[in-house]
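According to numbering that gives the first Met the number 0, the sequence shown is numbered sequentially starting from 0.
A portion of the hints provided could be inaccurate.
What the hints assert, rightly or not - Restraint-style ranges between C-beta atoms, simulated for each label pair: (1) 325 / 353: 28 to 34 Å; (2) 144 / 351: 16 to 22 Å; (3) 77 / 54: 26 to 32 Å; (4) 284 / 351: 39 to 45 Å; (5) 372 / 307: 38 to 44 Å; (6) 375 / 307: 15 to 21 Å; (7) 111 / 289: 33 to 39 Å; (8) 180 / 47: 42 to 48 Å; (9) 46 / 351: 43 to 49 Å; (10) 143 / 284: 34 to 40 Å; (11) 352 / 47: 47 to 53 Å; (12) 284 / 53: 23 to 29 Å.
Claimed, not checked - Here are the simulated EDC-like pairs of lysine to aspartate or glutamate, each with C-alpha atoms no more than 20 Å apart in a straight line: (13) 253 / 85; (14) 386 / 326; (15) 370 / 36; (16) 259 / 87; (17) 370 / 299; (18) 259 / 299; (19) 38 / 326; (20) 279 / 143; (21) 253 / 193; (22) 279 / 87; (23) 333 / 382; (24) 40 / 325; (25) 40 / 283; (26) 279 / 51; (27) 38 / 285; (28) 386 / 283; (29) 279 / 21; (30) 38 / 87; (31) 370 / 382; (32) 259 / 67.
No wet-lab data here; the hints were simulated from the structure. Quick caveat, the model's predicted, so the values are computed rather than measured. Every residue gets a Cβ at the ideal spot worked out from N, C-alpha and C, and that includes glycine.
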Amino acid sequence: MMPTRFDALPTATWPRLRNLLDGHAAGGPVINMTIGEPKHKFPDWVGPTLVEAMEGFNSYPDNNGTPELRGAITGFLQRRYAIDLDMDNQVMVLNGTREGLFNAVVALGQTGSKILIPNPFYQVYTVAAMAIGAQSVYLPARAESGFLPDLDALTPEELNQTSVFFLCSPSNPQGAVASEAYWSRLLTLAETYDFKIFADECYSEIYRAAPPPGALQVAAQMGADPERVVAFHSLSKRSNLPGLRSGFVASGPKNISRIKQLRAYAGCPVAGPIQHVSAKVWSDEDHVVANRQLYCGKFEAADRIFAGIQSYNSPQAGFFLWLPVEDDEAAALKLWTETGLRVLPGSYLGQIANEQNPGSGYVRVALVAPKEEMQRGLTILRDCLYK
Numbered sequence: 000m001m002p003t004r005f006d007a008l009p010t011a012t013w014p015r016l017r018n019l020l021d022g023h024a025a026g027g028p029v030i031n032m033t034i035g036e037p038k039h040k041f042p043d044w045v046g047p048t049l050v051e052a053m054e055g056f057n058s059y060p061d062n063n064g065t066p067e068l069r070g071a072i073t074g075f076l077q078r079r080y081a082i083d084l085d086m087d088n089q090v091m092v093l094n095g096t097r098e099g100l101f102n103a104v105v106a107l108g109q110t111g112s113k114i115l116i117p118n119p120f121y122q123v124y125t126v127a128a129m130a131i132g133a134q135s136v137y138l139p140a141r142a143e144s145g146f147l148p149d150l151d152a153l154t155p156e157e158l159n160q161t162s163v164f165f166l167c168s169p170s171n172p173q174g175a176v177a178s179e180a181y182w183s184r185l186l187t188l189a190e191t192y193d194f195k196i197f198a199d200e201c202y203s204e205i206y207r208a209a210p211p212p213g214a215l216q217v218a219a220q221m222g223a224d225p226e227r228v229v230a231f232h233s234l235s236k237r238s239n240l241p242g243l244r245s246g247f248v249a250s251g252p253k254n255i256s257r258i259k260q261l262r263a264y265a266g267c268p269v270a271g272p273i274q275h276v277s278a279k280v281w282s283d284e285d286h287v288v289a290n291r292q293l294y295c296g297k298f299e300a301a302d303r304i305f306a307g308i309q310s311y312n313s314p315q316a317g318f319f320l321w322l323p324v325e326d327d328e329a330a331a332l333k334l335w336t337e338t339g340l341r342v343l344p345g346s347y348l349g350q351i352a353n354e355q356n357p358g359s360g361y362v363r364v365a366l367v368a369p370k371e372e373m374q375r376g377l378t379i380l381r382d383c384l385y386k
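Generate the whole structure from the sequences, applying the supplied hints.
This is the structure:
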């Protein structure tokens, strides 16, 4: 039998974690700090807004997004990044960003090209590359390069073969933010070597100080070709609505036209009532500010708990801690069997490249639980691993 493109799929993160931990009894009351599933309350008006649009389930939804939703999205982009996009030609609604990240590679990537991926990474990036027969190239995102890929380490030969460069900012798992200078440098490389930047900006609204700059924002400031950037946003983290499965993709008209064409044949539009409520959510900033303040309070608590621990890195954004340990699998197993705390080994988020996995030697800890539970978990972790 001939092998398929997916025979070499990376082992999924969560089955690996279950295989590591579930054969052992918990060493205490279970506290789960593995998955980044937001637990803060979403706005009270979401439910009633959804109910008022329930009749929409009786109709096929707008394939590319209703005018009301696309208008709300472009309004968000204008407020947040001071960019003016054409709601008819430069945005499309998504069933969450995972769908969009995958389908954008299918629509815009090139078979036989290289797709550059930060390492550690979101696994859909490499699965999408496999789907079109492209080569995933893993770029280490280590502490010495600010937990972002080192752009100066890229070779002209490599860049000449690149069709897509993925960048997540703020990054998962490290919480690093690409500066305007970083985006500008990457955009210059994209213009020089003719590749597209896929900017995964799902954590853009969870930050501690200054708002993280966006790829489309910097492209507009530079006067760069808008087709160079394909940006992805979601309501999952911004608005604590991961179950709504609602996001969007924004780019130049040519890119969006090709993504729309794929959706027309093989995609799944967002249900009408969900589009209705999403428009209201994108239009409201009060709940976003309140959500961000809750996370800022959690980061301040984490900083207090880990004060004096030299290896601790306080993240700029997102809602994870990326904590250095000697052996990430051993640390996760020790925490589980001795305390009942579940964390994710960093190596499960990375890939071995050049005989190294940049995720090894770290554990990822999600700060999504209620603050009191989170503080209890972090204190247990500190006392178990660092004292």
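Right, here's what the structure says about each hint:
1. Taking 28 to 34 Å as the suggested C-beta distance range, the pair residue 325 and residue 353 does not conform, at roughly 21 Å.
2. Range check, residue 144 to residue 351: Cβ separation about 18 Å, and the 16 to 22 Å hint holds.
3. In this structure, residue 77 and residue 54 meet the distance hint of 26 to 32 Å, their C-beta atoms being roughly 31 Å apart.
4. With their beta carbons about 42 Å apart, residue 284 and residue 351 fall inside the hinted range of 39 to 45 Å.
5. Checked against the given bound of 38 to 44 Å, the beta carbons of residue 372 and residue 307, roughly 23 Å apart, lie outside it.
6. Our hint of 15 to 21 Å for residue 375 and residue 307 holds, since their Cβ atoms are close to 19 Å apart.
7. For residue 111 and residue 289, the Cβ-Cβ distance of about 48 Å falls outside the hinted range of 33 to 39 Å, so the restraint is violated.
8. Between residue 180 and residue 47 the beta carbons are some 45 Å apart, a value that agrees with the proposed interval 42 to 48 Å.
9. Here the CB-CB span from residue 46 to residue 351 is close to 45 Å, well matched to the stated 43 to 49 Å.
10. Look at residue 143 against residue 284: about 36 Å separates their beta carbons, and that is inside 34 to 40 Å.
11. In this structure the hint that residue 352 and residue 47 lie 47 to 53 Å apart at CB holds, the actual value being about 49 Å.
12. Look at residue 284 against residue 53: about 26 Å separates their beta carbons, and that is inside 23 to 29 Å.
13. For the hint pairing residue 253 with residue 85, the CA-to-CA distance comes to about 12 Å; that is within 20 Å, so the pair holds.
14. Proposed proximity of residue 386 and residue 326 is supported: the alpha carbons are some 16 Å apart, at most 20 Å.
15. Taking the CA atoms of residue 370 and residue 36, the gap is about 15 Å. The hint holds against a cut of 20 Å.
16. Between the alpha carbons of residue 259 and residue 87 the distance comes to roughly 11 Å, so the proposed pair stays at or under 20 Å and holds.
17. Using a Cα cut-off of 20 Å, the hinted pair residue 370 and residue 299 holds, with the two alpha carbons roughly 11 Å apart.
18. At roughly 43 Å between alpha-carbon atoms, residue 259 and residue 299 are farther apart than 20 Å, so this suggested pair is violated.
19. A C-alpha spacing of about 29 Å is found between residue 38 and residue 326, which places the hinted pair above 20 Å, so the restraint is violated.
20. The straight-line distance between the Cα atoms of residue 279 and residue 143 is roughly 41 Å, outside the 20 Å bound, and the hint therefore fails.
21. Using a Cα cut-off of 20 Å, the hinted pair residue 253 and residue 193 holds, with the two alpha carbons roughly 15 Å apart.
22. Proposed proximity of residue 279 and residue 87 is supported: the alpha carbons are some 18 Å apart, at most 20 Å.
23. Using a Cα cut-off of 20 Å, the hinted pair residue 333 and residue 382 holds, with the two alpha carbons roughly 12 Å apart.
24. Distance restraint check for residue 40 and residue 325: the Cα-Cα separation of roughly 36 Å exceeds the 20 Å cut-off, and the hinted pair is therefore not satisfied.
25. Between the alpha carbons of residue 40 and residue 283 the distance comes to roughly 15 Å, so the proposed pair stays at or under 20 Å and holds.
26. Simply put, residue 279 and residue 51 have alpha-carbon atoms about 12 Å apart, close enough for the 20 Å limit, and the pair holds.
27. A C-alpha spacing of about 18 Å is found between residue 38 and residue 285, which places the hinted pair at or below 20 Å, so the restraint holds.
28. Proximity of residue 386 to residue 283 is assessed by CA-CA distance (about 44 Å); at most 20 Å being required, the pair is judged violated.
29. With a CA separation close to 41 Å, the supplied pair residue 279 and residue 21 exceeds the 20 Å bound.
30. As the CA atoms of residue 38 and residue 87 are separated by approximately 34 Å, the hinted pair breaks the 20 Å bound.
31. Between residue 370 and residue 382 the alpha-carbon distance is near 18 Å, which keeps this suggested pair within the 20 Å criterion.
32. Proposed proximity of residue 259 and residue 67 is supported: the alpha carbons are some 18 Å apart, at most 20 Å.
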